[in-house]
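Enquirer: Each chain, letter by letter, is given below.
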Amino acid sequence: MQESPKYWKGIEELESSPEFVKGAFSEFADFLPVKESHGSSDAAVAPRRDFLKLMGFGIAAATLASCEAPVRKAIPYLNKPEEVDPGIANFYASTYFTGTDYNSVLVKTREGRPIKLEGNPESPITRGGLSARAQASVLNLYDKGRLQHFAIKGKKAATDQVDQEIRTKLAGVTGRIAIVSPTIISPSTKKVIAEFASRYPNTEHVMYDANSQSALLRANGGVLPSYDFSKAAVIVSLGADFLGTWLSPVEFAKQYIVNRKVSSEKKTMSRHFQFETALTLTGSNADVRVPVKPSEMGATALALYNAIVGGGAAGSAQLKKAATELKAAGGRGLVVSGSNDVAVQTLVAAINQAIGSTAVDLASPSMVRQGDDARLLRLVNDMNAGSVGVVIFYHANPAYDHPLADKVKSGIAKVPLSISFNDRLDETGSLCYYACPDHNFLESWNDFEPKRGFLSLSQPTISPLFATRQAQDSLLTWAGNPQSYYNYLRASWRGVLGGDFQAAWDKAVHDGVAVGTLSPAPVAQTAPAMSADQAVAAINSAPKSSGVELALYEKVGVGVGNYEGNNPWLQELPDPVSKATWGNYVAVPRAMAVKNSWEQGDVLKVTANGKSIELPVLIQPGQANDTVSIAIGYGREMAGKVGDKVGANAYPLAVVRDNGIVYTNTVTLEKTGAQSPIAQTQTHHTIMDRKPVVQESTLAQYIKDPKEVTEYEKISTPDGLEKPNKVSLWQDYEYKNHHWGMVIDLNSCIGCGSCVIGCQVENNVAVVGKQEVINRREMHWMRIDRYYSSDASKEDFEEKGKLATYAAMEDPSENPSVIFQPMLCQHCNHAPCETVCPVLATTHSSEGLNQMTYNRCVGTRYCANNCPYKVRRFNWFSYYSNDKFEDVNGHMFTDLGRMVLNPDVTVRARGVMEKCSFCVQRIQLGKLEAKKQKRRPKDGEVVTACAQSCPTQAIVFGDMRDPESQISKIMRREDGERGFHVLDAINVQPNITYLTKIRNTETEVRNA
Amino acid sequence: MQHVSPVREPLVTGGKSYHDVTQDVCRQVEAAPNVRWMAALSVALFFLGIFLYSVYRTLWYGIGEWGLNKTVGWAWDITNFVWWVGIGHAGTLISAVLLLFRQKWRSSINRAAEAMTIFAVICAAMFPVLHMGRPWLAFYVFPLQNTLGSLWANFNSPLLWDVFAISTYFTVSLVFWYTGLVPDFATIRDRAKGPIAKVAYSLLSMGWTGSAKHWSRYETVSLILAGVSTPLVLSVHTIVSMDFATSVVPGWHTTIFPPYFVAGAIFSGFAMVLTLMLITRVVFKLEDYITMEHIALMNKIMMITGSIVGVAYITEFFIAWYSQVEFEQYAFINRATGPYWWAYASMMTCNVITPQLVWIRKVRYSIPLTFILSIIVNIGMWFERFVIIVTSLHRDYLPSSWVMFSPSIIDIGIYVGTLGLFFTLFLLFAKFFPVINMAEVKTVLKYTVDNGPTYTGHDPHHDLIHKPTTHGVPATAPVNYNKHD
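Going down the list, the protein sequences come from chains A and B. Residue 628 in this note's numbering sits at position 628 of the first sequence, and the numbers go up by one each step. One rule links them: number in this note's numbering = place in the second sequence (from 1) + 10000.
It is possible that some hints are incorrect.
To give an idea of the interface, some chain A residues facing chain B are shown, with a C-beta separation under 10 angstroms as derived from the structure [what the hints assert, rightly or not]: (1) T683; (2) R776; (3) V907.
For the record, the hints were derived by calculation from the structure and aren't laboratory data. Quick caveat, the model's predicted, so the values are computed rather than measured. C-beta: ideal position from N, C-alpha, C; glycine also.
I would like the entire structure built from these sequences, with the hints used as guidance.
Expert: Okay, structure coming up:
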């Protein structure tokens, strides 16, 4: 056997001295002279070199340690769900309804978390439109203010324990059981409640609406008519803000706009009369708007009724005109009223009946308001009398949103068992003994029947974030039904979906909507509460009001304030008309402010019913004389960090009558001397007669000659007057593939603000809070400019002089006409921002987009200064880490909140400029999808967030290089007619074309 | 050959000898700091502290600490920037243009004026950096090589032109100033007693011996630098004005801006020189060097440039009317009668009306009045920039975006802070550097053929350029004699 050769590494190993053997087993050679140098430094072995070694190591280690990137948690799927691919969004059909407006939605989820809601085009009701509130509601899911577990007296408690206690207590209950909720349009939920009631027979389900329409219900025999504004050629609204907040605004906007859009092929428009107190979104869109005091609303309805039914003479000229046109329109006329006075609603119903309006449908009534003020009132009295044993608040917050909140509070204290399903310990929930928070709607199964015969579903798009339980499951559990609500729901749908149930069910879940009804029986039509004659008598005998009248109204953003109260997106959504954010105010007409020498921002003490609130003054053009308006939905106490103490609670100022709540009152106003600035995103309100900015004309003019409705600016050249883009210093870009563009129809834009929120959600736009809005630093990429008309115009120059005229033009008219103009980056082909950036952070793409490269931006703000449209937004602070913004922009601060951010869009760093990107991430997605299928993107496939959410299709986005695209067709059709570029003469050549607004007014408006 | 009038006024009064000049100028460099200087420095340092705090707030929290908003993206920052750059122009004009035009009276004031230029440009340069959202990436504006190759500065952007204009201006001014200082540093070095002063001034004087060759080079370099600087007087503010003129903002988009800005810059620069000189001459007892004639001459320049500026203001209005452009017209009507009318009124009063008082000889020769006038002009010129920047931006095209601007406390802190920075630098300069160019002043002591400390037998003007190389006794000879004093 051959001996294997021996190899050794060094002479030491060969010798195998004891020191070597000892050292050979340790990992590192132990010769660093640290120990030696403990003695005299002279005795140390080579101390200088070792010092340098140690220092070198130390510095390198410290440097490496400081370079370490923060640990980011990325957990791979162990078992990847089949449908979920990282980076690819999934859409699930669902339904948004929180007691106010109904929206069928598509929930966009990324990696299993909902990040955005879009309109569901399958829905026959909302047809792809989506309200601002629904858009913003996705943030409520991630709200830190939600109660994250069951609670007993506000303290965390186990679900089982709560169940056990409640079941025990329910078993031994004496007295009535009341379930208080806002309007519930879910048939299966009602079935659950019915089942609960059959288990506990003494149960009563009381529905009430914070902004009640019980008069409308009572006047129509217990049903809410469904309206179809698309069938109306003449619309008379007596204070119904049907485009903004009344019943089902998205549905109505969709219908309304059908008869408002014009083109050279369709030169007809509906005529819209609005009689109202506050200037509402709907009033802003009306052709004829008449300010009316709340106390005169009855007389107005009566005059209209007399003119149409009785043949009497109507009052004012506008009223006469409205009556004449209504009569002429016959079945194509429609009268609606937002009043909660049964007499007014009775007359309105009578008028509709008299003219035979086809726009009113009582056969398939709307379900979105079922509240009965009187029943809640009775319950509150019973609670105070001690005859109620159990009260369950199902998303109801009467301790906040009822005028008699104090009585509600004292009542709850007297009820032995109080339970709240509310999603947080709000004003009511905190008073209840048990809190059993419900899931968010994005975590729940549910069904909805907003209109009889039209069903829709909601499905969970994320597993519950917290230890909450769906309220229906709670009720079923307490009723002793072990079934889950999902199975319960499926069971109740078995009757509707015929044939192969599973296939039909899958389709219904997929589509989000289905046809059929789940209402137990056709809604019983009881007799109307009063006859027309009684209504006439009631109005005639109504006491004449004196003094200042108050009209309470609901805002497009926060609505009744319950569900939306803690939503910073909605708090910062500018009111479509006043452009105010973060809080309510006293809207006063200018004359009243002048008379009392009130300035905007002066705090007034508003007293009514012996209660007073303090709010700042906002001078509101169009506000009826001797009236003020205050929005409900503010002044929350326990909404959460965002919504608490924003504005003041105006509910207590409403009048509670036995048969209902009246949202008007007479008030006394007193200046307190304090100042409270109002956070408005727009502080200059008139257009200053600048036709190059926004153009409008009349239908009469349009019918006469569509080529005369728009004024085109021309420039002088040696060859005579030419279009401004004929002369240019710059070379034109060549667009070889796509050329993205947008058309915004000012005739279709109703100013609802849905696009503003849609953009904010899609593009991770930061919320900045009240003070920063006051500092004029809101971050919205998309805004809606609102201009009031002025009595002065440039035609007065000669007569009154330029200075005086310009000064006069700054003041809006007393009852102005209003125009809305969505304003976003115009993606100029000769962009002034691009030339001035020193570092090329903003550049032009080969597809016509004006791009921002955030990484490259150093933040000189020159681009923003040089932007004629002022659409660029600068990150003044670190909105995601500066403590100042932690409350309002909280969703960018926590892991929970950040789940809502769109992962395709960067959260911008402090110090960089940002602006609309034309949703470049959606463009890229559309192109990639097309590329994968080896085809070109189809028209309509790539849609920006604003265009997607617009309920009136005022915004059309598309490829202008594709001659067959919708946008190219519109631009060809409207070229020389209504199509214009804002500020055409400065020749920045925007990629956004606006279409001139056409008003159906008799008198020619200013620029006709 | 130039004829020298026997009745010409002396440029330096008090019958100074060459030695007196050296003594007078070196005195404050060599003596211990006096109480007034210490007090002034303390005040300046206090304001410097405010500056540092304000800068800290800006850098730590962001530009949101300022009063800017979505519509007014520049306000005090760029106002201050333009104001400070403008102030610097007088120094360059005095050192370069007046040198080329052989205005000998400049010798007494050019040193301090150049120092003012450099410190003003330092203050000015703070703002382009500080006003950035991300100043730590300020180097992006330089056309640096980078790994991607495709990232490059935008040569269309006036802000990039600014970068080159200001950096060139600063570099040339600094070199020019330092070149002039070298012979004087040598004088101080030769007189220095303390070891630190000896070493410091030795280093600063870069081995100057006063040899004919040194003087020859000195003169040549001065002339070249004067030639290089002269276009800068025009170009720097021209380019600064293009920040506005090349934009589309009504009120900014104005072709008159370059000459208008240059005139305004010289106007405000001379005002600042006057302010500083009037103080310096008293504090350092230099009344014989900075004479009433100097003051009157500078007053006249102020009056001329002030008038040019006034004409420019009126021309803008004329053009706005003549153009018939709606937005342009409104911008100017708004300027004069809008919510910022008071800023416009201040500007017109300070810049157009006040300088016209200089027509009155008594005003021209009155120190207190001149001092007040110079301050008023500086205030007026600040308002001019504020008016141009803020009133143009706050109401531009879309009325929906019209806003008001009001400064935050940090805005104010940064502005007064740069004054602190400026005066700190200026006071340090005044204490440790010769505030008057001794070497050149010595060349103008002789003001007629019959008067003066020495008669060198040739024309004093000729002296200025060629003095030490070919002709007899160098006028600066005492520099070397001082050693032996």
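Enquirer: Taking the hints in turn, state whether each one holds.
Expert: Do the hints match the structure? See the list:
1. A hinted interface residue such as T683(A) counts as satisfied when its beta carbon comes closer than 10 angstroms to some beta carbon of chain B; here the least separation is about 7 angstroms, so the hint holds.
2. Because the closest C-beta pair between R776(A) and chain B is about 4 angstroms apart, less than 10 angstroms, the hint holds.
3. Among the interface hints, the one on V907(A) is violated; its C-beta lies about 15 angstroms from the nearest C-beta in chain B, farther than the 10 angstroms criterion.
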